[in-house]
Every structure is written in C-alpha cells, then in structure tokens.
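Visitor: Sequence:
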Amino acid sequence: MRQFDMIKRIQFLFSFIILSVFFLYACAPQKIKEEPSYHVVKPANALNIVSEYGSWLATDGSERRQIHDGIDILGPIGYPVIAAADGVVVRSDKIPKYGNRIVINHGKNDNGQKISAIYLHNNRNMVKEDDRVIRGQPIAEIGQCEDCKTPHLHFGVRIGEPFSMNWYHTNPHEFWIGGPYKIVCFDENVSFPKEPIKFSYPVKCD
1 MRQFDMIKRI QFLFSFIILS VFFLYACAPQ KIKEEPSYHV VKPANALNIV
51 SEYGSWLATD GSERRQIHDG IDILGPIGYP VIAAADGVVV RSDKIPKYGN
101 RIVINHGKND NGQKISAIYL HNNRNMVKED DRVIRGQPIA EIGQCEDCKT
151 PHLHFGVRIG EPFSMNWYHT NPHEFWIGGP YKIVCFDENV SFPKEPIKFS
201 YPVKCD
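According to the working numbering, the sequence shown is numbered sequentially starting from 1.
Honestly, I wouldn't trust all of these hints.
Under the rule of at most 30 Å between Cα atoms (straight-line distance), these lysine-lysine pairs were calculated in the DSBU-like manner [as the list claims (entries may be wrong)]:
#, residue 1, residue 2
1, Lys204, Lys108
2, Lys108, Lys128
3, Lys42, Lys149
4, Lys194, Lys114
5, Lys149, Lys182
6, Lys94, Lys128
7, Lys97, Lys204
8, Lys128, Lys194
9, Lys128, Lys204
10, Lys108, Lys149
11, Lys97, Lys194
12, Lys149, Lys194
13, Lys108, Lys182
14, Lys182, Lys204
Honestly, the hints are just simulated from the structure, not real lab data.
Put together the whole structure using the sequences plus the hints.
Guide: Dropping the structure here:
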C-alpha cells in the first residue's frame, strides 16, 4: 500500500512539474524580432518597397518563416521589370511556388567576386540564359507567385559564383548608383558608369 502511495505521489509530482514548465513557457513574454532601422531615400515616382532586406515581415505584414534576403517592390501584375545594370543572364527559369526567376551576372567587385542580381516572382521572363542585357532593358514583368501575398518583384543581390556554396546574399541598398540607401531610377538620357558595379532601380519609374 505504501509503495502504491509513493508511486501516486511521484506521478503527481511529475505531472505538476510538467504543467508548471508549460505554464511558465506559455506566459513568458515572446522575444520581438527587430525590423531594419535604416533609412532609404527613394524618388517620388518609384514603386514602393513593402518588405526590406533583413525584415521578418512579408508583403502583407504577416511574419516570415525566415529573415528576408532581398527587397520586395510592390507593383501591379505586368509592370515592367528592367535590368539594374549591364550583364549576362545565367538563369531564366521557374521555381515551384515562387514563380519565374531571372539571375543576371552583372560583373565583379574589387575582390574579383561576381555580383549577381535575382529578379523573382515574375509574371513572365523576357530573356533567356546567356542573353546579354543592358541597364534599363525590359527583362520581365511583375507577377504574383503561389506563395506570394501580393504582386511584387523580389530583388536580391548575391556575391560569389552563382549557385555555389560560396554564393551569399547581401543588402541591395548598398549597391545603388546614387550611393548606399539612395535609390536612382533608370533614365535613358543619363549616361551611367560601367564600373564599379552599381544598380539603378530594377523597375520602371513613371
């Protein structure tokens, strides 16, 4: 009888500990994921960025499963996507759930590493692999993928050999031709320098 009582007490104590741990975890304040605090200067006629590099928020304000590795530019389906600089198309394909993608090798940095840009969620691609493109050339249209909350262009910048283990993402805002965090729209009447590799806005500005 005493052995039975001891077992019951142990079971009760174990259950109490489990419930206490669960209660403490449920009531503990959840850590708030910080949003990027940098300030971006954008022309008034440029489409808005609705999700920044390093953000945990999707285009509709919901929480992402992982931190954002590019910028999301909001626009209507069919809106022109243009090359952010001269380059060569290394990939023009479609990814399940993410839609049409274009990857362009735009050149090399001072360390000899390739600088590539990703243009994702396109309604349609207008260039194919190995095509040479020039800054401002229409290459795609803004679309809405299966996993996208709203129509937009995902624009990302990566350093290194495309699709290798050493290919890593970086902040696109560091590469604007107007300077870090200073967006410049493409203008066919302006002569942009070829080097160093700097980008104009990857969508048409009205």
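Visitor: Take the hints in turn and mark each one as holding or not.
Guide: Hints versus structure:
| no. | hint | in the structure |
| --- | --- | --- |
| 1 | Lys204 with Lys108 | holds, 25 Å |
| 2 | Lys108 with Lys128 | holds, 21 Å |
| 3 | Lys42 with Lys149 | holds, 23 Å |
| 4 | Lys194 with Lys114 | holds, 15 Å |
| 5 | Lys149 with Lys182 | holds, 27 Å |
| 6 | Lys94 with Lys128 | holds, 12 Å |
| 7 | Lys97 with Lys204 | holds, 25 Å |
| 8 | Lys128 with Lys194 | holds, 22 Å |
| 9 | Lys128 with Lys204 | holds, 20 Å |
| 10 | Lys108 with Lys149 | violated, 34 Å |
| 11 | Lys97 with Lys194 | violated, 35 Å |
| 12 | Lys149 with Lys194 | violated, 36 Å |
| 13 | Lys108 with Lys182 | holds, 21 Å |
| 14 | Lys182 with Lys204 | holds, 16 Å |
Comparing the model with each earlier hint shows violations of hints 10, 11 and 12; every other hint is respected.
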